[in-house]
Amino acid sequence: MTAKIEKHSPDILTERKRSFLKINSLWYFLSPSVLLVTFFYFIPFLLVFIIAFTNMDQKFNWQFVGLINFLKLFAFKDPLIPRIIRNTIIYIISTLPLTIVGALFISLLTMRINRTASIFFKTVFFFPRLVPPVVWGFLWMWSFEGTRYGVFNSILEGFGVSPIHWFIESPMLIVICANGFLGISLATLIFTSAIASIPKDYTWAAEIDGASFWQTSRFIIIPLLKWPIMTMTAWHLMSFINSYVYIFLITGGGPYHATEVWALYGYNSAFKNHQYGYGSSITVVLVIINLILLVVLLKIFGMRRMIERSRIEV
Amino acid sequence: MKKIFDKWIIYIILSLIAIPFLIMYTAFFAQVFSKGISLGVIPQKLSFSNFSFLWSTIPWGLEKTRIWGIFLNTLLFASVSGFAVTIVCTLTGYALSRIEFRGRDFFLSMQLILHAVSGQILLIAIFFLLFYTKLLYKIPGVALARASLEIPLGVWMAKGFFDTIPWDIERSAMIDGCTRFQVWYKIFLPLIKPGIGALFIWGFLFAWHDFIYVYTLLPGTVPLLSTLVQSLLATEVVDYGIIAAISLFYMLPPLFLFVFLQKALMKAPIMGGKGIA
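For the record, the sequence lines run as chains A and B. So in the numbering used here the end of the first sequence lands on 314, straight run, no missing numbers. So in the numbering used here the end of the second sequence lands on 591, straight run, no missing numbers.
Source of the hints: derived by calculation from the structure; they are not laboratory data. Given the structure is predicted, the values throughout are model-derived calculations rather than measurements. Glycine included, every Cβ here is placed at the ideal spot set by N, Cα and C. One thing to keep in mind: the hints can contain errors.
Subject to a maximum C-alpha distance of 20 Å in a straight line, what follows is the list of computed DMTMM-like cross-link-like pairs (lysine to aspartate or glutamate) [claimed, not checked]:
| no. | chain 1 | residue 1 | chain 2 | residue 2 |
| --- | --- | --- | --- | --- |
| 1 | B | K448 | A | D57 |
| 2 | B | K500 | B | D482 |
| 3 | A | K272 | B | D482 |
| 4 | A | K272 | A | D78 |
Computed list of chain A residues with no C-beta within reach of chain B, every gap over 10 Å [unchecked claim]:
| no. | residue |
| --- | --- |
| 5 | S25 |
| 6 | P82 |
| 7 | T116 |
| 8 | V131 |
| 9 | H165 |
| 10 | L189 |
| 11 | I198 |
| 12 | K200 |
| 13 | K226 |
| 14 | W227 |
Chain A with its partners taken away, still in its complex shape:
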């Protein structure tokens, strides 16, 4: 393509000067992002690997201690580790299906009702994305508070039920719902727009043939939504493995580590217990899990398809 453009452009600059200009312009267009990405992604990436092999504490004194942090992790010298692995697995295998199935369910149902009602319901379910994490956390903490001042307890009080200690009875369920509905809000948005782009003829034809709502959804809409469902699953899998902000805000990992997941445990051991070295080694494990997952996901999705070349090159 390059030759074709050059034929049209004025031949004022010599070839050498031209290539210099190109490199030069490239330099000032790209340098800001390259600098920021290097500074805040690549250097921290190396740094976390270095800190993981030290015993950095709250006074920021450190020396290399070799593999002690990792031995503590993998030889189960830390009594909390089995519990945290179990929590993480429970958290992910229940939040992910809740998000995908819930979002599919809601978007299929809202498709069938009239416009005003469907906009109302979509707004209700999209609200979690619009409010800041702190406020979302506050809403859940307050609604499920164990005393009679919590929202749901105060409603139950009206029916003569004594206050339930939600956070002691089932802390994991609250965390799963809070994060799951956050995922549902994004996935519903994607799925409804994907459903809207399916030609109406398909569903009409099926309905004339006498297909029920369930059959139309199962055999026509869901197969056509394969790509959005796959991307959303991958996206939320990564995000649930790495995210800890909402759990940190709602329960802080408690009570007694009942909701502490892997990512949150890394954060807490670094910034709450001030064992920065140990926290880093937990993060290193997380980073490695991320990289493995990425390789697998990229194999499935194919990177080439995502990066198309720009149409014409100057």
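Got chain A sorted already, so can you dock chain B onto it with the hints?
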């Protein structure tokens, strides 16, 4: 008959899922504008006493402080992040959309990978990086760190905006004697005004809403609205009325910004060529 029945079932199912959330949202607003609530959602008496934080002091740790200083801190933090995202992404997006260079595909896939691996998990390392470069506990440094989280996806967004502009505009500008930078600055930036607005809102909103970076990297000395709400929640005696009112105050500015920027930026001269003729 069967069809109507089906519709009702759908409404009932959706309402059953929505009701807990509607209760939460109603309780929130009822709590903000009343002295107290009974049965969770019924406000007792209309009152604005919860908004007294606007003119009196509020507790921050063991000290007392005023909300407006905290508001200005948050505004500074979010604006720095918004501007950083806008400038960096429009520059890089232009290069990725228009200039062919070695490693371009690698660069683009790198951004996707970086976006997938959330920067939050590297927080410990970023903490030490800022500590050793003396940027820790300072708003601009932390804002840049926050902005860098949004850059990978922002670059893709910006590339998308530049891709929509016809090549003829650029070619004619370069024949008229513009350099690359002049093309970017004089021709393209006016054409992608809505995109710039979207990028700025993107960077601003995520920084305004951010909690974990602010909480970890700007502790104690520099309060922001998100950490203020969290610190009020973490105290012994929690006054839900005041927290709800501050939360509402915290959520409103991005909304105003969005309405304001939408009016200013949606009048883009996309179809009008270079905007000169």
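Now the hints, each set against the structure:
{"no.": "1", "hint": "B:K448 / A:D57", "in the structure": "19 Å, holds"}
{"no.": "2", "hint": "B:K500 / B:D482", "in the structure": "15 Å, holds"}
{"no.": "3", "hint": "A:K272 / B:D482", "in the structure": "58 Å, violated"}
{"no.": "4", "hint": "A:K272 / A:D78", "in the structure": "16 Å, holds"}
{"no.": "5", "hint": "S25", "in the structure": "4 Å, violated"}
{"no.": "6", "hint": "P82", "in the structure": "22 Å, holds"}
{"no.": "7", "hint": "T116", "in the structure": "12 Å, holds"}
{"no.": "8", "hint": "V131", "in the structure": "6 Å, violated"}
{"no.": "9", "hint": "H165", "in the structure": "16 Å, holds"}
{"no.": "10", "hint": "L189", "in the structure": "16 Å, holds"}
{"no.": "11", "hint": "I198", "in the structure": "19 Å, holds"}
{"no.": "12", "hint": "K200", "in the structure": "17 Å, holds"}
{"no.": "13", "hint": "K226", "in the structure": "20 Å, holds"}
{"no.": "14", "hint": "W227", "in the structure": "16 Å, holds"}
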